[in-house]
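Undergrad: Now for the letters of each chain:
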Amino acid sequence: MNINIVEASGLGKRYGSTWALRECSLAVPAGHVTALVGPNGAGKTTLLNLAVGLAAPTAGAVTVLGGRAAGSPAALDGIAFVAQDTPLYKNLSAADMLHLTANLNRRFDRAYAGARLAELGIPPKRKAGKLSGGQQAQLALTLALARRPRLLLLDEPMAMLDPVARHDFMATVLTAAAEDGVSVLLSSHVLAELERVADYLILLSRGRVQVAGEVDDLLASHRVLTGPAAGADRYTGRPVVHVRRGGAQAHLLVRSGADDPVPPGWEAHPVGLEELAMAYLREPGAAALPGPARGRNPEPTEVTR
Amino acid sequence: MTALTMPTRPRHDASLRPVPWRRMAWVTWRQHRAALAGLGALLGAFAVYLWLTGLQMYHAEAVYCHPASSLACAVNFTGRYGITGNIVSIFLQAVPALIGAFVGAPVLARELETGTFRFAWTQGFGRWRWALAKLVLLAVAVAAAAGAFSVLYSWFNQPFFAAGYTIPFSTRLFDLGEVAFPAWTLAAFAIGVLAGMLIRRVVPAIAATLAVYAGLGAATGLWLRQHYMTPLLTTKLNLPSSAWYVSQWYTKGGQYAFGARGSGIVNAVTQLCPSFNGSPTQCLSSHGYTQWTSYQPGSRFWPFQWIEGGWLLALSVLLIAATVWLIRRRAT
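Each protein sequence line maps, in turn, to chains P and G.
In this text, residue positions in the first sequence follow this note's numbering: the first is 3, and each later residue adds one.
In this text, residue positions in the second sequence follow this note's numbering: the first is 8, and each later residue adds one.
Quick caveat, the hints were computed from the structure, so don't treat them as lab data.
All values reported here derive from a predicted model rather than from experimental measurement.
Hints may be right or wrong, so weigh each one.
Stated by the list, open to error - Derived pair list, reagent style SDA-like, types lysine to any residue, alpha-carbon separation capped at 20 Å:
(1) P/Lys92 x G/Ser270
(2) P/Lys92 x G/Lys259
(3) P/Lys127 x G/Trp36
(4) G/Lys259 x G/Ser270
Just chain P, with the same shape it has in the complex (with noise of 0.2 Å):
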């Protein structure tokens, strides 16, 4: 299944004269758990409401499913969408939104959504205004799921979740990921929390896109080199993201693979993804992005500085 599961070209958003998103081009392949990261206002949910149709594009194009429009029929019958704050009908009851998002959509796996409720302990007749945060949002997620979408679009779920919720909430996205192979695309400005479960990450940072990629090529592209403070300044090798400096030392953020030779009085180590994507968000002018060929070349190819 070698399709894009969201591909953007181009895609641009304005909301009066500012730009919630532009100049987007993304390609994120199917099957992975892609954690799309930004601070508050970066663009997320407009890029997840560019997705499923619910705005329209200012500039460009975005679609889904391998080359569906986003928001026609055919998109949405493959995707399952849920909304930031898990927005349900308060005065149903869980039963009764489980009958309801039946009769909206042409699939739907009734017996799956009614054994998943009892394992999560959620009353059928219980208004779903009356559950907690967390069984609403598992509510939510097993109405995306009982659709067998191909994929689910998770926009800041965890948010409103407590520890133990949010613990059950990831396991419940990633077995559906894991053993029936849904492409999941998250959002949240918290990257800890994706961290150790996404495989894909995109940045958004003011409404542009800076890093996209797999996280391991990512990981694997980029390395911290530690030395003296004094010396950051003077560094000439490969092209580095962002300088951190910690008293005598500075910390360099450089794209390199492992195999490079480490200059002369500084010492290499692997990069975190949380590293990694602070260092990014802390220099807007630079991006990690695919190259020309996009979704099939996971290797970075462009750096500007």
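Please build the complex by placing chain G on the supplied structure of chain P, with the hints as guidance.
TA: Coordinates of chain G only, in the frame set by chain P:
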């Protein structure tokens, strides 16, 4: 949370048949049954009251109002039930507005206000089909309820017409007719739906619906309705009691003199007949004035009902189509 059941792998149909329309019937009913039940309870209670009062009225009219001009009729029928009839008609004027405000306006405004549109509009049914199905079902439901109710109300009013207390063309009654009442209800619903879509919040949408509906109703009753057909013109002094007077004026020697109301006629009568006890018309006609009346005859009641129903239906279809179009192209 370890024993997690997983859905089976989806089959990828090449031909994507849309989700059948009929599935929206349950969805619409489940989501709006409270509003529809409230409407049913309101109209039902009203209907019981009209039925019981109507039976008494029919009885009183039959016993006392032959002839209708008798004192017994004035005391025991019109005197006793006239006020009731007026109050009922005033209440009923508000029913379409209430339906527009409390059934129509929240349909989309609540989804937009609480964010559930992001759930509803990303389901496989498709959002414009969702909107069209839901709006048409609700529109038919409220119009049918109003239509059934107006039949009962028309029955209730018969004794008043028979006793000459009022006429079907009365501004207070015309829009409660069997065609106009469901049409006004439908229009109020459509106004509410579009207001909710545009304003996106329930309470302001309700207020806007009431304001727009009241404005449209007043403009129609005061200015528009009398122009549906060219009024008839007559110099006769006695018109059939069912006629709807549009305007009245006087001419002398083929020239317009003054209208039937205002200072012109008062000055003329006091000048011409200072110590005259008859009616102004008698005074004026004895001095060579001609009274002209333009009126809509009572026989035009049904054509007028259909004209009003027709343009209101067209307006409602337009408003609902505009709403669906907005949802289809809507960019958040």
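Undergrad: Failing hints, ascending?
TA: Violated hints: 1 and 2; rest satisfied.
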